[in-house]
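Chain A is already provided as a structure; the job is to place chain B on it using the hints.
The listed protein sequences correspond, in order, to chains A and B. Per this note's numbering, numbering of the first sequence is gapless, rising by one per residue and ending at 347. Per this note's numbering, numbering of the second sequence is gapless, rising by one per residue and ending at 347.
Check the hints yourself; a few may be wrong.
Each pair may be met inside one copy or between any two copies, as identical chains are not told apart.
[As the list claims (entries may be wrong)] Cut-off 35 Å, straight-line C-alpha distance, at most; resulting in silico cross-link-like pairs (DSBU-like, lysine-lysine):
hint, residue 1, residue 2
1, Lys-123, Lys-249
2, Lys-225, Lys-249
3, Lys-268, Lys-216
4, Lys-220, Lys-65
5, Lys-179, Lys-249
6, Lys-65, Lys-225
Please keep in mind that the hints were generated in silico from the structure rather than gathered at the bench.
2 protein chains.
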Amino acid sequence: MSLTNRQYRLAARPVGMSKPSDWNFSSETVGEAAQGQVLVKVLQISLDPAMRGWMNEGKSYIAPVGIGEVMRAGGVGRVIASKNPQFAVGDHVAGGFGVQEYCLVDPANAAQIALSKIDLRLGTPAQWLNALGMPGMTGYFGLLEVGQPKPGETVVVSGAAGAVGQTAGQVAKIKGCRAVGIAGGRDKCDFVVKELHYDACIDYKTGSVKDGLKEHCPKGVDIYFDNVGGDILDTVLTRINRKARIVICGAISQYNNTTPVKGPDNYLSLLVNRARMEGMVVFDWAARYSEAIGEISQWMRAGRFVSKEDIVEGIEAFPEALNQLFSGGNFGKLVLQVAKD
Amino acid sequence: MSLTNRQYRLAARPVGMSKPSDWNFSSETVGEAAQGQVLVKVLQISLDPAMRGWMNEGKSYIAPVGIGEVMRAGGVGRVIASKNPQFAVGDHVAGGFGVQEYCLVDPANAAQIALSKIDLRLGTPAQWLNALGMPGMTGYFGLLEVGQPKPGETVVVSGAAGAVGQTAGQVAKIKGCRAVGIAGGRDKCDFVVKELHYDACIDYKTGSVKDGLKEHCPKGVDIYFDNVGGDILDTVLTRINRKARIVICGAISQYNNTTPVKGPDNYLSLLVNRARMEGMVVFDWAARYSEAIGEISQWMRAGRFVSKEDIVEGIEAFPEALNQLFSGGNFGKLVLQVAKD
Numbered sequence: 007m008s009l010t011n012r013q014y015r016l017a018a019r020p021v022g023m024s025k026p027s028d029w030n031f032s033s034e035t036v037g038e039a040a041q042g043q044v045l046v047k048v049l050q051i052s053l054d055p056a057m058r059g060w061m062n063e064g065k066s067y068i069a070p071v072g073i074g075e076v077m078r079a080g081g082v083g084r085v086i087a088s089k090n091p092q093f094a095v096g097d098h099v100a101g102g103f104g105v106q107e108y109c110l111v112d113p114a115n116a117a118q119i120a121l122s123k124i125d126l127r128l129g130t131p132a133q134w135l136n137a138l139g140m141p142g143m144t145g146y147f148g149l150l151e152v153g154q155p156k157p158g159e160t161v162v163v164s165g166a167a168g169a170v171g172q173t174a175g176q177v178a179k180i181k182g183c184r185a186v187g188i189a190g191g192r193d194k195c196d197f198v199v200k201e202l203h204y205d206a207c208i209d210y211k212t213g214s215v216k217d218g219l220k221e222h223c224p225k226g227v228d229i230y231f232d233n234v235g236g237d238i239l240d241t242v243l244t245r246i247n248r249k250a251r252i253v254i255c256g257a258i259s260q261y262n263n264t265t266p267v268k269g270p271d272n273y274l275s276l277l278v279n280r281a282r283m284e285g286m287v288v289f290d291w292a293a294r295y296s297e298a299i300g301e302i303s304q305w306m307r308a309g310r311f312v313s314k315e316d317i318v319e320g321i322e323a324f325p326e327a328l329n330q331l332f333s334g335g336n337f338g339k340l341v342l343q344v345a346k347d
Numbered sequence: 007m008s009l010t011n012r013q014y015r016l017a018a019r020p021v022g023m024s025k026p027s028d029w030n031f032s033s034e035t036v037g038e039a040a041q042g043q044v045l046v047k048v049l050q051i052s053l054d055p056a057m058r059g060w061m062n063e064g065k066s067y068i069a070p071v072g073i074g075e076v077m078r079a080g081g082v083g084r085v086i087a088s089k090n091p092q093f094a095v096g097d098h099v100a101g102g103f104g105v106q107e108y109c110l111v112d113p114a115n116a117a118q119i120a121l122s123k124i125d126l127r128l129g130t131p132a133q134w135l136n137a138l139g140m141p142g143m144t145g146y147f148g149l150l151e152v153g154q155p156k157p158g159e160t161v162v163v164s165g166a167a168g169a170v171g172q173t174a175g176q177v178a179k180i181k182g183c184r185a186v187g188i189a190g191g192r193d194k195c196d197f198v199v200k201e202l203h204y205d206a207c208i209d210y211k212t213g214s215v216k217d218g219l220k221e222h223c224p225k226g227v228d229i230y231f232d233n234v235g236g237d238i239l240d241t242v243l244t245r246i247n248r249k250a251r252i253v254i255c256g257a258i259s260q261y262n263n264t265t266p267v268k269g270p271d272n273y274l275s276l277l278v279n280r281a282r283m284e285g286m287v288v289f290d291w292a293a294r295y296s297e298a299i300g301e302i303s304q305w306m307r308a309g310r311f312v313s314k315e316d317i318v319e320g321i322e323a324f325p326e327a328l329n330q331l332f333s334g335g336n337f338g339k340l341v342l343q344v345a346k347d
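In isolation and in its complexed conformation, chain A is listed as follows (with noise of 0.2 Å):
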């Protein structure tokens, strides 16, 4: 029986918001697995903010996506033809599968892939995309080890409705700190407080941030972990504590721009306060994702933390559904549902 993989490979570099016409939709016919592949079947698609950035040309943290390349992106699939002896026809697992429905992993290309069997028992496929995965190790680590979270601080995150957020915000709590989130809307931020968690959430797109964050961070800013970039940040680092600590992890309002990027025009508070901005990327922390999955999926059965994701069905909803978002869709972490089994 050969099989069709319908795949969305980038067709031209976006200006700005991706449209369809950077898009081309196409398929093939899948191959049978040869020695050492391994051909598995995509269940769900990770839709991450990264995503547009590697859709640019120019040196960054990982080479670009090619013109005429399947587009990049994380998944989990069900193995359903193997000639590795390890992995089993039936194995769940997670991978760089990007945005199709089949994907032959090859020993050659198997280290890009990072093809690794994950375990239902410990959270639902999409919850391996989210909190057991990328953005859960984002959160996790960003928090953690760039942040530095000591008991009875204040921490900020903006963008705190989406993957990242909202185990960063998570995680906050567990560690005794005070978790504000800032998001847009009035929906949105009931769901960050009353399904997230936080504290507080600061609407940016009715209110002022400044304001929101003078009343629920009464005792300043310890530590801000940045998904959005632009004003937000601007407007956080005139309220940061002395020793505070920026974990630049994104700048969402910043991936579509036609016009150059906007630096923080205040980032002199970082010498009044004698605090720091720091950047990080998930991938530094690979050697470590086995113990963050432990202990989230713990807090998980525990019932200490939540994985939320907002699942948008079949691989044709890819284009609007990347483009969802920025324009703030998503309610949780964004996952293309593209088989059920």
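For chain B alone, kept in the frame of chain A given last:
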């Protein structure tokens, strides 16, 4: 005998570069030293870029100088009268004496003035305002404690010919790093290389800083000690290595701005490179000044370190000399000589 004390008092908060009308050059009669007091004849006054910040209103790491107050400044002097058993007539002392010819140090203002004896066997009075004073302490602790240099790394220092820059670069060399300065003008760059023994110096006035960094930092930038901010900070951000450290010590280029400070638009290089940008204020290291003074004075005696001052004569020269710091007129630490002895 009653002494006349001439003083520069802040008459108005400057807009941009300070102008003569921002100052009131007044005089008053010096009082007798009463119980617990020490009367200091000021010999030399330290002129520092930070002074421009103290003239502005608004929250910073230190309160602004009030209108009508004697301008704050560090200095060295000689005790000419003392009713304090800790200080004898003839002692040489350092402290925040202000821009004036005499300073009566009272137990009530002693903490603010931070009166301390200086040992002229370790350095000249001017050197006590430079390598053995605040700029030296700033360069020493900023580079070593915030920058954390490792042998073989490349350290870039802006304002390299200035007071802080000369210490930062020389300490970098002593610690086995490659030291590359940035300064304005060919003569100043020659000074930085020939007299301060940097490996190279980039002239930002006549050349491209980007090209200079490519040429002189072939292995990228591991530490950037930033005294200037602005476009130079932005350019260096494009050349930093993974895990680079940027020490935010000052932003001379921005201190006279009449428009808002410009932030580093390339700050996302911190993310890509997992790099850190951290502010420092020298006062935090006060408990360890003696350690640094001991080490720097040993290096000076051993001929491994030079303390270069640019001495301007006469208290009347103060307003013009201060502005020289921002027009880039000084070679080495700028000192105002008020009296010979």
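35 Å Cα cut-off: does Lys-123 pair with Lys-249 within a copy, between copies, both or neither? Classified as between; 31 Å across copies, 41 Å inside a copy.
Given identical chains, is Lys-268 near Lys-216, meaning Cα to Cα at most 35 Å, within a copy, between copies, both, or neither? both (19 Å within a copy, 20 Å between copies)
Between copies, within a copy, both or neither: which fits Lys-225 and Lys-249 at Cα up to 35 Å? For Lys-225 and Lys-249, the Cα distance is within 35 Å both inside one copy (13 Å) and across copies (31 Å).
Up to 35 Å CA-CA - Lys-65 versus Lys-220, copy category: Between copies only: 16 Å across, 38 Å inside.
Tell me, please, which holds for Lys-65 and Lys-225 at an alpha-carbon limit of 35 Å: within, between, both or neither? between (39 Å within a copy, 16 Å between copies)
Intra/inter-copy verdict for Lys-179 and Lys-249 if alpha-carbon distance must be at most 35 Å: So Lys-179 and Lys-249 pass the 35 Å test inside a copy (20 Å) and across (28 Å) alike.
The earlier numbered hints are all upheld by this structure, with none contradicted.
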